[in-house]
Amino acid sequence: MIVVQNVSKTYGRRGGSHRALADVSLEIARGETLGLIGPNGAGKTTLLSCLLGFLRPDGGSILIDGKAPDDLGIRARTGYMPERLGFDRELSGREFLSHHWRLSGGDRSATAHAVAAAAERVGLDTAFLGRKLRTYSRGMLQRIGVAQATFGEPEILFLDEPASGTDPLGVAVVRDRILEAKARGATIVLNSHQLAEVERVCDRVAFLEGGRLARAQSLRGDGAAPRRALLRTDPARGAQAVAALAEQGLPATADGEGLIRLEAVREEDVARAVRILALRDFPVFEARASADLEHFFKSPS
Amino acid sequence: MIETARRFLAQKRGSLGTWLALVALALLGSMPLRAGTPLGFVVTLAVFVLASGIVSRDAASGALQMILARPILRAEYLLGRFFGGVAAILLFLASTLVLTFLLDRAAALAGWTADSVPWGPALRITGEEVPHAVMNLAILLFFSTFLRGIGDVLAFLLFGLVFSALPGIFAGLLHRPDLASLTNAMLQNLAPDGAWRDIFHGGKVLQLATGQWVLALAGYLLLATLLFNRRELSYGQD
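Those sequence lines, one after another, are chains A and B. Heads up, the first sequence is in this note's numbering, so the first residue is 1 and it goes up one at a time. Heads up, the second sequence is in this note's numbering, so the first residue is 1 and it goes up one at a time.
If you're looking for bench data, these hints aren't it; they were derived computationally from the structure. A virtual CB, placed ideally from N, CA and C, is assigned to each residue, including glycine. Mixed in with the good hints there might be a few duds.
Listing some non-contacts, in silico: residues in chain B with all C-beta distances to chain A over 12 angstroms [what the hints assert, rightly or not]:
id, residue
1, Pro-71
2, Leu-99
3, Ala-209
4, Gly-219
Computed footprint of chain A on chain B; a stretch qualifies when at least three of its residues, placed anywhere within it, have a C-beta under 8 angstroms from a C-beta of chain A [unchecked claim]:
id, segment
5, 7–15
6, 32–46
7, 225–234
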C-alpha cells in the first residue's frame, strides 16, 4: 500500500517560490490502478517524483509498504516510465534495454532473451534494436520506455504520460501492458492527460489542482463516478426511445441523428437503458458510456 | 557500478562527435609524444570531450531518473561514471600511443624520417598524464553533480584560472607574498600535481605529494557523492 500523508512541496528560489503540492493525502491500495489527472501545473509530476523518491517533500510523508520510496527493496519492485523521452540517444535499443535489464537485477545470462521478449511485448521489431535511440520515432521511444518499465514484472508501476504523442496502435500497446500488469495485481500510478485511457484502465482517479488534491473518485463498483452515456438508435424513432426511457425513470435527450444522451447515470443505469430499448424493439446500434472526467476540469470540487 | 561504467563507455562509443574529437586530439597528441614532451592540454581537452556533463546530461535527458528508479545507490551510479571515465581516458591514451607508433612506422616506410619515436620517454609521459587526467575527471564529476549542461567545464576552467592567477596577483601586483604562498598552498591542495614525473623516473611512490593527490581525489569523490545524495531530481511539467 502507498500512503501519502499531508505532503507539501515548494520549489523555492530567491525572488519567489512556487508551491507545487499543498497538504496532499492519498492512499493507494495494493493492486489498485490510480490515475493522476489535472490541468498543467497541478502538481502531478511533482507528486510522482515524490513517490519515486526523486524529490523530498517539505512536509508530510510518503510510505510504500511501510518504507521510504527510495528504499532499494522498494525500487527492486518498481517500474518507472518518465514523460520525457530524450534518454540515452547514443545507445542502441538493445544496449539500452540490456542495461536496464541488468540494473533491474535480471539474470545476466538471460539478457538477450529478456530484451527480445520485452521488445516483442511492446510490438517493437527486433530489427530496430540495433539502431541508435536517436533514430527512433517518438512512438518507438514510448514503446521501448514501456518495455524497460515492465522488466521483471514489477509490483509497482509509475507511469508518466506513457502514451502521449503516440499513434493509436502505440496507445493500444501501452494500454495492453497496463492491463496486463493490473491483471497480475500490480499497483499502478498513471499520470496522464488522455482521459479516455485513464478511464479505461484506472480504478480511481485523483484530480489535482493548484497543488491540492481537489477530488478523488472511484471509477469502478460502488461509489463510482456518474457516467454519461450515448446510445444510437433508429433516427426516425429517437423521440419514442426517449419517451420509453423516461417511462422507466431514465431522463434522456435525443437528436435528429438517433443519438440518445443520458447524463449523470450509474453503470447499471446504462445497462438498464440498453435493455429497455431492446425489449421494446428499438435497434441499439451503439452504446458508449464514460465517466465524464472532463467534468472534473470544469468543476473540480 | 560496473554496469554504469559500461553504459558510460557505450555512450561514448555511440557518439560520432566524441569519436571525431578524440581522433583529432590523438593526432595532436602524437606530436608531443614523438618529440618526447608532455601531452599537456591535449589530455585536458580529451577529459573535457569525454566527461563534460558526465552527470548533468543524464539528469537533463531523464536517463538519470530511469536509472535511479532501479535498485542502485546513487554512489554506485556516480562511481560507475567515474570509473567509466577513467577507463575511457586510459583507452584514449593507449590509442594515442598506438597512433603515434603507426604514424611513426608509416613515416619510416615512406622515408620521411629516419628518427624513431623515443618509446621509453613516450610511455613514461603517457603514464604521467594518467593521474592528472584522473584528477581533472574527479573535479569535473564534482561540478557536474550540481551544475547544469557544460557548467562543469566552465566551472573547472574558472576554478583553474582563478587559482593559477591568484598567487601571481598577490605576489606581483599586491605585494603580499604571504597571501601568494597561501593561495599557492591552496592550489597545491585543491589540484595537486603529485610527484608523478619523479615517480615515473623511479622515485618513491609514498611521498607527501602522492598523499596530497590521493586526499584531493578522495575529497572530490566524497564531496560529489554527498552532494549527489542530497540532490533532488526534478524534471518535466506538472
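Evaluation of the provided hints:
no., hint, verdict
1, Pro-71, "4 angstroms, violated"
2, Leu-99, "23 angstroms, holds"
3, Ala-209, "38 angstroms, holds"
4, Gly-219, "26 angstroms, holds"
5, 7–15, "holds (count 7)"
6, 32–46, "violated (count 0)"
7, 225–234, "holds (count 3)"
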